[in-house]
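A.B. asks: The hints should help you fit chain B onto chain A, whose structure is shown.
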Amino acid sequence: MDRMFPFGLESDLSFYLIVYVLTLVVHVFLMTYVLAGSAWLAWATMFPGRDVLPLTTQPLAMILRDWMPFALSGAITAGVAPLLFVQILYRQQFYTANLLLGWRWMMVIPVLVIAFYLLYVIKSKAVSRWSFPVRCGLAMSVAASFLFVAFCWTTNHLLSLDQAAWPEMYRSRRAIDAIMPLCFRLLTWVAGSFPTMSILASWQLWGMRRCDENREPSISAVDWLALYDREDRRLAKVSVTGLLVAVISCLCYAITLKSNVASQLTGNPGLPWLLIGIAGVAFQTIGWWFHLRKACFCTLWLTVITVASLGTLIAAASLREIIRLSQANLIQVTESTRAAADVGGFAVFVIFSIINTALIGWCLRMVMNRHRV
Amino acid sequence: MSILNTIVARVLHSGNRRIPQVAETGMVYSHQGEVYRCFDAPLAAHTFDGVFRDAMSPIYPVNDYGPLMPGLVMAAVAILHVFLAQFAVGGGILLCYFQWLAMTGRSQNARTFVHGYFKVLVLISFVLGALTGVGIWFTSIQISAATIGEMVFNFHWIWATEWTFFCLEVVSGYCFYRYHRQLSDRTCLTLLTLYAVAAWMSLFWINGILSWQLTPGDWLMTHSVMDGFFNPGFWPSLLFRTIVCMTLSALIGCIVVNIIPNLERADRQELINKAAHLMMPMLAMPILGAWYLYSMPDDSRGWVLGGSPAMMLFFMISVGASLAIGGYALIGLWFQKLYINGATATLLLLLAFGATAGGEFVREGSRKPYTVRYVLFSNAIRPEEVATLRAHGSVTDDPFPVIHETQLPNETVTVGAKVFRRQCAVCHTMEGSNAVAHLTESWDADQMRMNIAKLQQTKPFMPPFAGSAGELESLVQYIQWVHQRRPETWDKTIDPQAIEHIQKWLDEAGTVAAGFIPQRIQSTAHPQADVRSTVGSFQ
Numbered sequence: 426m427d428r429m430f431p432f433g434l435e436s437d438l439s440f441y442l443i444v445y446v447l448t449l450v451v452h453v454f455l456m457t458y459v460l461a462g463s464a465w466l467a468w469a470t471m472f473p474g475r476d477v478l479p480l481t482t483q484p485l486a487m488i489l490r491d492w493m494p495f496a497l498s499g500a501i502t503a504g505v506a507p508l509l510f511v512q513i514l515y516r517q518q519f520y521t522a523n524l525l526l527g528w529r530w531m532m533v534i535p536v537l538v539i540a541f542y543l544l545y546v547i548k549s550k551a552v553s554r555w556s557f558p559v560r561c562g563l564a565m566s567v568a569a570s571f572l573f574v575a576f577c578w579t580t581n582h583l584l585s586l587d588q589a590a591w592p593e594m595y596r597s598r599r600a601i602d603a604i605m606p607l608c609f610r611l612l613t614w615v616a617g618s619f620p621t622m623s624i625l626a627s628w629q630l631w632g633m634r635r636c637d638e639n640r641e642p643s644i645s646a647v648d649w650l651a652l653y654d655r656e657d658r659r660l661a662k663v664s665v666t667g668l669l670v671a672v673i674s675c676l677c678y679a680i681t682l683k684s685n686v687a688s689q690l691t692g693n694p695g696l697p698w699l700l701i702g703i704a705g706v707a708f709q710t711i712g713w714w715f716h717l718r719k720a721c722f723c724t725l726w727l728t729v730i731t732v733a734s735l736g737t738l739i740a741a742a743s744l745r746e747i748i749r750l751s752q753a754n755l756i757q758v759t760e761s762t763r764a765a766a767d768v769g770g771f772a773v774f775v776i777f778s779i780i781n782t783a784l785i786g787w788c789l790r791m792v793m794n795r796h797r798v
Numbered sequence: 006m007s008i009l010n011t012i013v014a015r016v017l018h019s020g021n022r023r024i025p026q027v028a029e030t031g032m033v034y035s036h037q038g039e040v041y042r043c044f045d046a047p048l049a050a051h052t053f054d055g056v057f058r059d060a061m062s063p064i065y066p067v068n069d070y071g072p073l074m075p076g077l078v079m080a081a082v083a084i085l086h087v088f089l090a091q092f093a094v095g096g097g098i099l100l101c102y103f104q105w106l107a108m109t110g111r112s113q114n115a116r117t118f119v120h121g122y123f124k125v126l127v128l129i130s131f132v133l134g135a136l137t138g139v140g141i142w143f144t145s146i147q148i149s150a151a152t153i154g155e156m157v158f159n160f161h162w163i164w165a166t167e168w169t170f171f172c173l174e175v176v177s178g179y180c181f182y183r184y185h186r187q188l189s190d191r192t193c194l195t196l197l198t199l200y201a202v203a204a205w206m207s208l209f210w211i212n213g214i215l216s217w218q219l220t221p222g223d224w225l226m227t228h229s230v231m232d233g234f235f236n237p238g239f240w241p242s243l244l245f246r247t248i249v250c251m252t253l254s255a256l257i258g259c260i261v262v263n264i265i266p267n268l269e270r271a272d273r274q275e276l277i278n279k280a281a282h283l284m285m286p287m288l289a290m291p292i293l294g295a296w297y298l299y300s301m302p303d304d305s306r307g308w309v310l311g312g313s314p315a316m317m318l319f320f321m322i323s324v325g326a327s328l329a330i331g332g333y334a335l336i337g338l339w340f341q342k343l344y345i346n347g348a349t350a351t352l353l354l355l356l357a358f359g360a361t362a363g364g365e366f367v368r369e370g371s372r373k374p375y376t377v378r379y380v381l382f383s384n385a386i387r388p389e390e391v392a393t394l395r396a397h398g399s400v401t402d403d404p405f406p407v408i409h410e411t412q413l414p415n416e417t418v419t420v421g422a423k424v425f426r427r428q429c430a431v432c433h434t435m436e437g438s439n440a441v442a443h444l445t446e447s448w449d450a451d452q453m454r455m456n457i458a459k460l461q462q463t464k465p466f467m468p469p470f471a472g473s474a475g476e477l478e479s480l481v482q483y484i485q486w487v488h489q490r491r492p493e494t495w496d497k498t499i500d501p502q503a504i505e506h507i508q509k510w511l512d513e514a515g516t517v518a519a520g521f522i523p524q525r526i527q528s529t530a531h532p533q534a535d536v537r538s539t540v541g542s543f544q
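Protein chains in written order, with my numbering: chain A, 426 to 798; chain B, 6 to 544.
It cannot be assumed that every hint is accurate.
Stated by the list, open to error - Once the Cα atoms are required to be at most 35 Å apart in a straight line, the calculated DSBU-like pairs of lysine-lysine come out as:
id	chain 1	residue 1	chain 2	residue 2
1	B	K124	A	K548
2	B	K509	B	K464
3	B	K497	B	K509
4	B	K497	B	K464
5	B	K124	A	K550
6	B	K459	B	K497
Honestly, the hints are just simulated from the structure, not real lab data.
Okay, chain A solo, but in the shape it has when bound (with noise of 0.2 Å):
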């Protein structure tokens, strides 16, 4: 690799991982909001305020209970992809990754189900009703479900770069070699998804406080876009929040990282992104803050915010497979990718791809003109 990552590998490689970063992007957007969402949720059932208001005067608690099912299934379908091309890129490491973790790994799949359910029922009306102890329960179960299975990637992620670790791996039976990058990976994406997370619902933040039909009828109008207000200057502070702490254990796990590794992030293949990431991070951060100061909605900075954070991700995907590329067989994943690039179907993937986009905007406008019925 000695150019800007992935215009410097084999053509083949190069567009395998164009896909897969892509698609974990897209996957890496839901995910965060299910991962931050769940963890407002949860703080926002535990910590009340002074001033204990009704369900209905918490907008940003009402979307997410209402939003969450939809978030989580749209993040699992979306996830598929990217499971599908890391098989194509990274066979072997994925797959021995999987196999050392065992049954630690399969826990994600009914811890995910039992997240899943629990999410329908903290959007159910009956749990209003229900006892403060077991909401808080239920909120703080379906963060840790979803904080659990952050940890497994992680730990997943981290076990299919050391290689030379494997045979230590099975005979122990341990899952964790190396302590301290884990949990700086963690936080870093656990952090980051806040930020991700905020942009989502500040959207629908926007476009609920446009419809008045949303208002509880106790509250007047005046204070109903207080409200929004309010929990738009929340999301700021958790956001510029999220972003600090994202950046800090970002630049550790970075120090953990072998001298050769990290040159890379450094040099031709990497710092371009490097620098993508940094400016993403940075106009975030101002938008957020103009938010602060300015307390309330501005799409103009919403959107900015938006597309600086679609490069942070996209950035920050690149950097990470930069990371593992250091550490892979090279000439191996050339090869793989070569000879997957020789498998056919790839027409008929991109002509279902173009007629399903189209068919689920055709939902979508069916969907937005149902006021008109």
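C.D. replies: Just chain B now, kept in the frame of chain A:
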């Protein structure tokens, strides 16, 4: 720019896989004491990690599931997922039908049913169905990473295409779920139709990949993804599964009808009779089942139809349960002689689960000794690797130690444990289910040596032993050590005469599986070949 070129080239050339030149491959088989080099058979083109290689497939760590054989773990997840996924596919068709009934005024309560049924569909299929789908992928990796790797490698664009339908399924489904009360009937029907088509198309795509495992057909020669996808088992399997989907959805529909509140018995009866319409295609099941059996390889069909008692038993369970459901549907629901209450519907659904489980067991089992016919044995060893492993040893390069190695008495037994793990553990345990220790209990050492050396002849659904004579002897000693309740010391040494016998038996048995009969042909392309060329004759 080169990436752009790659994309354009890939779209324009939807492409068959490149068949490698002879110099790249050169696969050696031995059969009945004679050595063959396979120049023309595409089996020689096998890849691992896409590399036409000199090296062997990598060795993955193997997990021990205690008394459960890994196949059972796989079966549990697979059967649950297949059941739920088929419910989702059939559910889409059923909902479209009921929406149409409601719109055309043919059923007063159809709309109530649609709303109630979709909730069940979302809560069961969207959650459990989707997650067990991911779960089956993870489980496949746990049980046979090489098999799932082979499937993903050869059909990743087909799988990616299926994924686009998953996306459509989720979006159209949730759009209906969230907004159906605010949408016109026509829009609801459109969304449900999109959902049903997307769900059925996901069956369409995965069916091609799954049926390829047993009947790869012309793919073996061409390596064309379309030849592999539209394989001999594709259409009978697809049509059969579609009927199963419709039947399951109708049975669950009967349960839903019984739990919808505020309905009179006559209303329930009417809805149940309408749901039963989706069970009528069951009449075609015998024909489709026969077609599917006909598409199977001779040996696989033979096992299902009596060659293997276990497979025959599960086949009969599947047929019997289907007959019971079909009979009830025909007499009770179509001719309206019987009412079906919630308990009966649940019982019929359990029967359907039994039929699904039996059918899936037969489908999985009939592939033996392969997981992908002629491509990959059940133990993740490739047919073309057997000869090399016989010479080189199957665990020589195994980097993973035996867990609790210190509890094993000596190096020979340790090697035996490794051989067991590499070659047997995917289908057998040592002392749990399908236990090797029990299966070989009555064999003396020489019987054991010969039966394992000639494994594919001892049991035609077993793959050939793929290790050296020394490894086979180590395996025999490991089994004997277990037979003797794992003593702390084990003084037996490897007898050179035993090794000689084992080698003789291994040579006699050859390296090909029971169903693969090489045919001698003259290789016109490579007349300089110093051994006979062959193509495989696939039974």
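A.B. asks: Hint check: B/K124 vs A/K548, CA-CA at most 35 Å. Holds or violated?
C.D. replies: holds (14 Å)
A.B. asks: Taking 35 Å as the top limit, are the C-alpha atoms of B/K124 and A/K550 close enough?
C.D. replies: Answer holds: B/K124 to A/K550 is near 16 Å, not above 35 Å.
A.B. asks: Within 35 Å, alpha carbon to alpha carbon, are B/K497 and B/K464?
C.D. replies: Roughly 28 Å separates the two Cα atoms, so the pair holds.
A.B. asks: Going straight from one Cα to the other, do B/K459 and B/K497 come out at no more than 35 Å?
C.D. replies: holds (23 Å)
A.B. asks: Would you mind confirming whether the straight-line C-alpha gap from B/K509 to B/K464 stays at or under 35 Å?
C.D. replies: Satisfied, since the Cα-Cα distance of roughly 19 Å is no more than 35 Å.
A.B. asks: Would the hint linking B/K497 and B/K509 be met if the CA-CA limit is 35 Å?
C.D. replies: Holds - the C-alpha atoms of B/K509 and B/K497 are around 22 Å apart, at most 35 Å.
In summary, this structure violates none of the numbered hints.
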